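Can you build the whole structure from these sequences, using the hints too?
Listed below are the residues making up each chain.
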Amino acid sequence: MTNAQEQKTIGTPAPTSAPTRSFLARLPAAAIVGIFLVIVIVLFSTSASGFLTLNNVTTIISAASVIMIAALGQLLVVISGGFDLSVGGVIPLAAVLFSVLTTRGWPTAGALFACLLVGAVVGLIHTFFIVYLKVNPLITTLATLSVTGGIAFIASNGQTLSVPAAAGILGDQVVGTLPWHVLLMVLLVVLMHFVLQHSILGRRIYMIGGNPEAARIAGVRVIVIGGSAYVLSAVFASFAGVVLASQLLAASGTMGSQITLQSLAAVVLGGAALTGGRGSVPGAVIGVLLLGVIANGMTILLIPSFYQQVVSGVVLLAAVTFSRLQERAKRVA
Amino acid sequence: MQDDTITTIAGDTTTTALVRLDRVSKLFGGVHALEDVSFELSKGDVVGLVGDNGAGKSTLVKMLSGVFGPTSGSILIEGEPQTLTPPARAQKHGIETVYQDLALVSSFTVAENFFVGRERSWGRGPRLFQIMNRRSMTSTAASALEDLNITIPHLKSRPVERMSGGQRQMAAIARGAFWSERLLLLDEPTAALGVRESHEVLELVRALSARGLTMLMVTHNLEHLWSVCNRVIVMRRGKKVADLRSADTTMDEVVAYITGAKS
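Residue numbers (the working numbering), protein chains in the order written: chain X, 349 to 681; chain E, 28 to 290.
Some hints could be false.
Claimed, not checked - Some chain X residues flagged as far from chain E (calculated, every beta-carbon gap over 10 angstroms):
#1 A379
#2 I380
#3 A457
#4 F477
#5 L490
#6 Q521
#7 W528
#8 I565
#9 S653
#10 Q674
Claimed, not checked - Taking CB as the label site, the calculated pair distances span:
#11 R147(E) - L526(X): 37 to 47 angstroms
#12 R162(E) - S397(X): 44 to 54 angstroms
#13 V668(X) - D270(E): 53 to 63 angstroms
#14 S510(X) - R147(E): 46 to 56 angstroms
In case anyone wonders, no lab produced these hints; they're calculated from the structure.
No experiment lies behind these values; they were computed from the predicted model shown.
Backbone N, C-alpha and C fix where the C-beta goes; we use that ideal spot for every residue, glycine too.
What follows is the structure, given as C-alpha cells:
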C-alpha cells in the first residue's frame, strides 16, 4: 500500500510546480485591479454617504469621460511600445482653439474638426521623430508637451476663455442625466476594443510593441502602424480637450494638464506594460474608473485634493508592483 | 542567345536546382563577409552549414532569407535570377526562416504567432481595417501542429513567453514548415536547448525531411548535423571550403575544414 503510493509519487515529474501556482497568479492583471475597484467601491459606499446614488455615479462617469477618451489614445501608444506625454499639452491646446473658433462664430462641428486636425498634425510630428527617426518617445513627447501647452497659453493670453453656450452641446444631456460626451466616450471605448481585438491594425499594434524585429521581418510596415497609434493618441487627446471645453464652457492653458499622468496611470493599472505589446481597453476602463472613484469618494469625504493626488500615486505604485510580482510568479510556475 | 540556352536548361525540372547561388559575394565596409560562394540546393536536400564564428554562415542565411542582398553574384530560384529582399519577398518565393532569436511575438499564443503578418481576414478595403478571422487561423495552426505530431498544451490560450524554450522552438519550426514552399532555413535550431529538447527538435527536422522539405541548417553541433543532414557545406573566412555528402565524409574531416587544417 505505502509502497505503491511512494512509487506513484516518484513517477510524477516535478510535483512541486503545479500546486504552487496560486489562485492570484492565474488572474489577469486587470482583474486584480478590478477586484480592488470593487473593494474601494464597497468601502466608500459604507463610509461616504451619497456615494452610491445614481446622481453621484453619473458624476463619476462624467468626470472620468475626458480621462477615458485620452486614455484610449494613450493605450494604443503604450501597446505599440511607446508613450505619449504630450496629452496634457494637446488637451488645453484643443480646448483653447475650440474656444477661440466658436467665439469667432465657427459652427461647433467645424471647430471640433479643426481641433482634431491639429491633433492629427501633432501625431504626425510624433510619428516623424519617434517612429521614423527613432528619437526617444519620452524626450520627444516631453518636448511637444511643452510646445503644445505653451501655444495654448499664448493663444489664451494666459487667461480663462469662455465658450459660447451653443458650443456646449457635448456637455448637454442626451438621456436622463447622461451627457452627450459620455455616450460618445462609450461608443469610442467599444469601437477601440473591437479595433484592438479584431482588426488587423489592432493585431499589428500589439505586434510592433511585442517584438518590433519580428514584425519588421514579417513585412509589417512599422512606421504606418506605430504612426497610426501616435496620430490616434493625439486626435483622442484633442477630442478630450474639446469635450472638456464644451462641458465647462471654458478653456485655459492649464486645463487638463494632469491628464498625461492620469491616462498613463489608468492604462498601466489596467495591465498595460510600458515595454509594449500588452494592455487592453477593458483594463484601461477599470483603471480610469478606479482613479475616478478614489477621487470622487475622497471629495465626498471632504479630503483635500492634495491628498487625493498622494493616494492616486500610491495606488498606482501598489498596482504596478503587484503586477510585477505576479508576472514573476507566473514565470516561475 | 546565350540566355536562351540557359532557359532551356532551366526549363528541365529534373536538372534545375531548387535554389542556386552563383558566385555570391557580400562586402561590409570593404570586408568580404562572403566571397564567390556558389552552391546548389536540390529538392529534398537537408544541408548542414558549418564554420567558425565569422565564417559567413549568418550572412549567407540572411541573404537567402532576404534581410539583405548580395554585393555581387546572383541567386537563382528554379533557374530564374531573383531578388529576395525584403524578407517578405523571400517568403513569396517560398523561403521561410526560423531565426535564432525565434522572431516569435512573446505575448501572442502559438496560434497567433503562426499568422504574424499574414492574418486571415474578412472584408474589403484597406487591409489594416479588415476583421481577422480568428477561428480559421486558430484551427489551421492547431491542425498544422497536429499534422506534425507536435503537442503543445494551451496553444490557443497561453502566450509563448510562458512556454519552454523547446516548445517555442518547435512552434517556430512548425510555423516555418507550414509556410515554406521551397526552402526552410534553420539558424542554430538547437543552440539554446537541453538534450531532450534538442532531440525533439531534430526528430521534427527528420520528419520534415521525410516529407521532402528542403532545409538549410546552420549549426555548431556536428552530431546534430550528422543525425539529420545528408550534406554538409563548410564555410571559412567568407569562402566555401567544402561541400560534401555526409555519407562520404567524417566529423574529423569536417572539423579539419572548419579549423583550416585542411582546405
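* Hint numbers contradicted by this structure -> When the structure is compared with the hints, only number 8 turns out to be violated.
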